[in-house]
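Colleague: Chains as they are written, first to last, in numbering that gives the first Met the number 0: chain A, 0 to 188; chain B, 0 to 127.
I should point out that these hints are in silico values taken from the structure, not numbers from a laboratory. Some hints here could point you the wrong way.
Stated by the list, open to error - Just the calculated beta-carbon pair ranges, DEER-fashion:
1. A:GLU75 with B:ALA46: 21 to 31 Å
2. A:THR25 with B:ALA46: 50 to 60 Å
3. A:THR161 with B:GLU15: 29 to 39 Å
4. A:GLY159 with B:MET56: 42 to 52 Å
5. B:LEU57 with A:SER74: 50 to 60 Å
6. B:ARG36 with A:THR171: 43 to 53 Å
7. A:ARG182 with B:LEU42: 55 to 65 Å
8. B:ILE41 with A:GLY148: 46 to 56 Å
Glycine included, each C-beta is placed from N, C-alpha and C at the ideal position.
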Amino acid sequence: MTNCPSIVAVEGPADVLARARLGEETAFEELMRMHERQVLRIAFRLLGRIEDAQDAAQEVFLRLYRKLCIFGSLSEIRPWLYRVTVNVCHDLARKRGRLAPELPAGAIFVEESHEEQISQDQRRELLAEALTHLPEKERAAIVLREIEGLDTAEVAEILGSTPATVRTQVSTGRARLREIVTRLERGRT
Amino acid sequence: MMPDDSSLRHLAEPPEASYEAVRRRVMGEIRRRRRVRDAARILAAVAACVVVAVAWMLAVQHEAPLPGLPVLARAPEAPVAAIPLHVAHNRAKSRRSAGSLVAHAPAQPLVVRMQTDDPNVVILWMVD
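Go ahead and model the full structure; you've got the sequences and the hints to work with.
Modeller: Structure, rendered in structure tokens:
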């Protein structure tokens, strides 16, 4: 499938990358399962709509399939996926000319009373909506640094900038997010 | 409300079904592309076979001899016999000129054997 000339034999059943490179569909599916949460979650945060996020994730995994040859080990895939996911999401948002305005409230994993639950739901909904109003770079920096929990250097590498720039983007993004949330709250009351 | 770390990290997650949907879409697309690629390879192989076959046929046609015209055996011109035909009328004279040939076999007819291109065809010319 990917015609990798260097692969002549699979080292063992655990070598999912090598098996995927040899064209084994189940191995590639396994690779997808290992990274699908990371990809789809970031795409969802960046695009705001699950339909768009699914389109982006599909494109990311198809690119991964085509580029399997470039990876020497599994550990190289994760940062590559972050970078490609951010790029694909930016391209998709530009192509579709919108940032999704609506974000459905999803699953909540914290035990809370009904009132607290509603309040948390509304808060998350506001925050998710506010996130989609941030400029592209700031949103990506916030998602990767604050939501995905990557360190500043990793985020800088993924976004192709410097750690100082990322720190500035995160800081500015947070301030802007606060303003947007306040504005949205006022709009609803 | 202040967007702190915890609230950001507990934003809505994509629905569980969406992971399966993405996986299905990706694998479907991979299989579709693989089918297209295989079909293209088969087409290319068939086209290559056709080209080779046509080239071979053309080469064979050029090498084969053209259907020739029927070979006609042409007899050579009749040789001019250097034998005097007036032996009987002028025997005395011919004795001197023709020599012993006429003198020793006066009753034998003169036979001229003519070979043609065809070994099966021989023309015998008898002079009485």
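Colleague: Would you mind marking each hint as holding or not holding in the structure?
Modeller: Do the hints match the structure? See the list:
1. Judged by the Cβ atoms, the range 21 to 31 Å given for A:GLU75 and B:ALA46 is violated: they are separated by roughly 39 Å.
2. Range check, A:THR25 to B:ALA46: about 34 Å between beta-carbon atoms, so the 50 to 60 Å window is missed.
3. Separated by about 37 Å at the C-beta atoms, A:THR161 and B:GLU15 satisfy the suggested range of 29 to 39 Å.
4. Checked against the hint of 42 to 52 Å, the pair A:GLY159 and B:MET56 fails, with Cβ atoms roughly 59 Å apart.
5. Distance hint check for B:LEU57 and A:SER74: the Cβ-Cβ separation is about 58 Å, which falls inside the suggested range of 50 to 60 Å.
6. For the pair B:ARG36 and A:THR171, the supplied restraint of 43 to 53 Å holds, since their beta-carbon distance comes to about 47 Å.
7. For the hinted restraint 55 to 65 Å between A:ARG182 and B:LEU42, the CB-CB distance of approximately 59 Å keeps it satisfied.
8. The hinted range of 46 to 56 Å is satisfied by B:ILE41 and A:GLY148, whose Cβ atoms lie roughly 49 Å apart.
Hints 1, 2 and 4 from the list above are not met by this structure, while the remaining hints are.
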